[in-house]
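Enquirer: Please work from the sequences and hints to get the whole structure.
Number of protein chains: 2
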Amino acid sequence: MSLENELLSVTCTAPVNIALIKYWGKRDEEKILPLNPSLSITLDVDDLRTKTTVVASKHFDRDRLWLNGKEHDISSKRMQTCITKLRQGAGDLRSDDGTLLIAKEEWKHYRFHIISENNFPTAAGLASSASGLACFVYSISQLLCFKETFPGELTTIARQGSGSACRSLLGGFVLWECGIAPDGTDSIAKQMDTGDKWKHLRIVILIVNDQQKKTSSTAGMQTSVQTSDLLKFRSKEVVPVQLSRMRDAIKEEDFTTLATITMQESNQFHACCLDTFPPIFYLTDVSKEIIQFVHDYNAKCGGTFVAYTFDAGPNAVLLTQDENLDKLVASLYQRFGFFPVTREGVTSSVCESPQSDQIIRSIVTKIGEGPRVLAKSIDHEESLATKDGKPKFTI
Amino acid sequence: MSLENELLSVTCTAPVNIALIKYWGKRDEEKILPLNPSLSITLDVDDLRTKTTVVASKHFDRDRLWLNGKEHDISSKRMQTCITKLRQGAGDLRSDDGTLLIAKEEWKHYRFHIISENNFPTAAGLASSASGLACFVYSISQLLCFKETFPGELTTIARQGSGSACRSLLGGFVLWECGIAPDGTDSIAKQMDTGDKWKHLRIVILIVNDQQKKTSSTAGMQTSVQTSDLLKFRSKEVVPVQLSRMRDAIKEEDFTTLATITMQESNQFHACCLDTFPPIFYLTDVSKEIIQFVHDYNAKCGGTFVAYTFDAGPNAVLLTQDENLDKLVASLYQRFGFFPVTREGVTSSVCESPQSDQIIRSIVTKIGEGPRVLAKSIDHEESLATKDGKPKFTI
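Read top to bottom, the protein sequences are chains B and X. Per this note's numbering, the very first residue in the first sequence carries number 1; after that it's consecutive. Per this note's numbering, the very first residue in the second sequence carries number 1001; after that it's consecutive.
To be clear, the hints were calculated from the coordinates, so they are not data collected in a lab. The reader is advised that the hints may include incorrect statements.
Unchecked claim - FRET-style restraints, in silico, Cβ to Cβ:
1. ARG343/B / THR1081/X: 56 to 62 angstroms
2. SER216/B / SER1244/X: 31 to 37 angstroms
3. LYS236/B / THR1218/X: 27 to 33 angstroms
Glycine residues also receive a C-beta, built at the ideal position from the N, C-alpha and C atoms.
Expert: Listed below in structure tokens is the structure:
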């Protein structure tokens, strides 16, 4: 059997992750080594995901990349680092009966067409680079029969594509270790908890109007590291304590503590953005209203039933428990006006009310698992590629 | 000569002060001892001031207080502390030729009518409690011929009325020392620099629309002390360094450094508010636009020509130098639309443009001196009291 003229292909999905203990600031820009460990929750890949088809052929003249139907430059240093390291770790491709189809040293002759799509709007402000780079690395690793030389090596490759992408390679609660090695080999992501006992957790993403100019997180955290005294202190002194408390809360299924630390972490991250010079603002007046709403809601209910967390943008991610979800959504409608909610793939009827220019829409999801292989053939219905290895859809 | 039936009176003014190194958080709530030293600039009393007339008589049945034409309760613990301590330090009242008119032990039979007015709108968000309490303490001290038992004692009394009031008892650049004594006797305000070489400095107060619910600074700083790890670090580790740099900048007439530290301090104070749990927000989207404007302006001009600072509210205080003022105001108009500007007592024509709902008005002032005695007689035109010791104007 010869694969000489065949197009090899794999199609995978990777999930979005939301940091509860925030990553902000690198101690090594090139290797993307963080100032502090971070902890995230992986979102259900059935609701939000990047899907990537990688096609490999000796006959392609170069590596190419399409994102959401549009060709993008693949020559960025970060993506090239990932591809190089994946090729280095490539393994032999064998058929089910063990026959050698492609020897590992042959991969260097193959070029890739990488076709990637997100099922969530860019406006969601979700870190599409995390699920995107995770899916990029995972898909290529699957195709190349990548062999890790140490546990977590694949996460160190994703990390070098986009820091938080390493956390999207695992499901449940994921810890991205800070590490101490200068080469970054110990700055890996690992599952802290499967999240099996947290299936009742609901994650409500509130997408708000965003007109402000945005500071990219790469540039933002660089300025923060250079100028914020508070960030240095936070990384060294506060995060380890909060991480340890969060770990216990996850283990003990203690929603109140998990929720409280999540809010404190979000606030402290944005405080460090404000302590940056010139200051960086990601929270808008609407974001602040949502924060106020959550504290009011919890006070009224006499406990901590909802938590918020915000990344490098104004959109809110709320955490609550299943039993509280309907009440929360009703309360949100009362305060912010009606907005469509997507829940288990179904969107509530879209009849935007005039006062709903604050929260545009919402997605309800839950904790989920890591990347998946959907198809190993270019002909599969899940494949994003045509038979000649081009995107099925382009814009 | 007997003063038995005469009304004794004194009328004084006290200035507003703006903190460049911020005061946020007490280490002793009762004595109002701060977590860290702070540094302020005293504003010209000709532009912004509290004016207070104190009338004393044996025949008044109780102490009474009128603020801006309306009677207020004077029984608050803080005001009572000030009055008690001022009575304790009272001295003999003598005529110009040295004749004893009232012996110090006689003062305990006198009651006060205190009539106070600010010449700036409450909407200015200026800490009216600072100039107000400073004027309260200064006026009574003048009337009672108060004798300090140690230098700065009067500032320790004002401090116990309202922390930052101690800084309004002096002109120029004023340092409020943190102190270490548990009784607070070393937490005094003192002039760090007369400001004589800073007469070219212009202070532009931008009053913005404010619709948000406000957290009082007393309650806010209490919650910050209890919950913000960043505030503790800031007080201990950052403020001493910034204060020392600011001291040098003032001495060396280094506007760039003074401006930079002022902005960093403002940002760090608001960062600590955000790190408070629940978080406190004083900056609105308009405040943030002003911050962005200042950074853009400085970048465009290729230097640090303007600084901003914000206290516990959304109004901005800008610092610039005289030669740059017209250009700055023109630039502000261009970005925020026209708004009236009060400069040396004269307000620019008030023709509010439709787009000027962001900055409502502005006051331009400069560095100034401490409290002044305007009149020592109730009949003086500056007196706020009628001949029988009541306010001339009430609402």
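Enquirer: With reference to the structure, classify each hint as holding or not holding.
Expert: So, going through the hints one by one against the coordinates:
1. ARG343/B / THR1081/X: 56 to 62 angstroms: About 58 angstroms separates the Cβ atoms of ARG343/B and THR1081/X, which means 56 to 62 angstroms holds.
2. SER216/B / SER1244/X: 31 to 37 angstroms: Cβ of SER216/B to Cβ of SER1244/X: about 35 angstroms, so the range 31 to 37 angstroms holds.
3. LYS236/B / THR1218/X: 27 to 33 angstroms: Check passed, 32 angstroms falls within 27 to 33 angstroms.
Violated hints: none; the structure is consistent with every hint.
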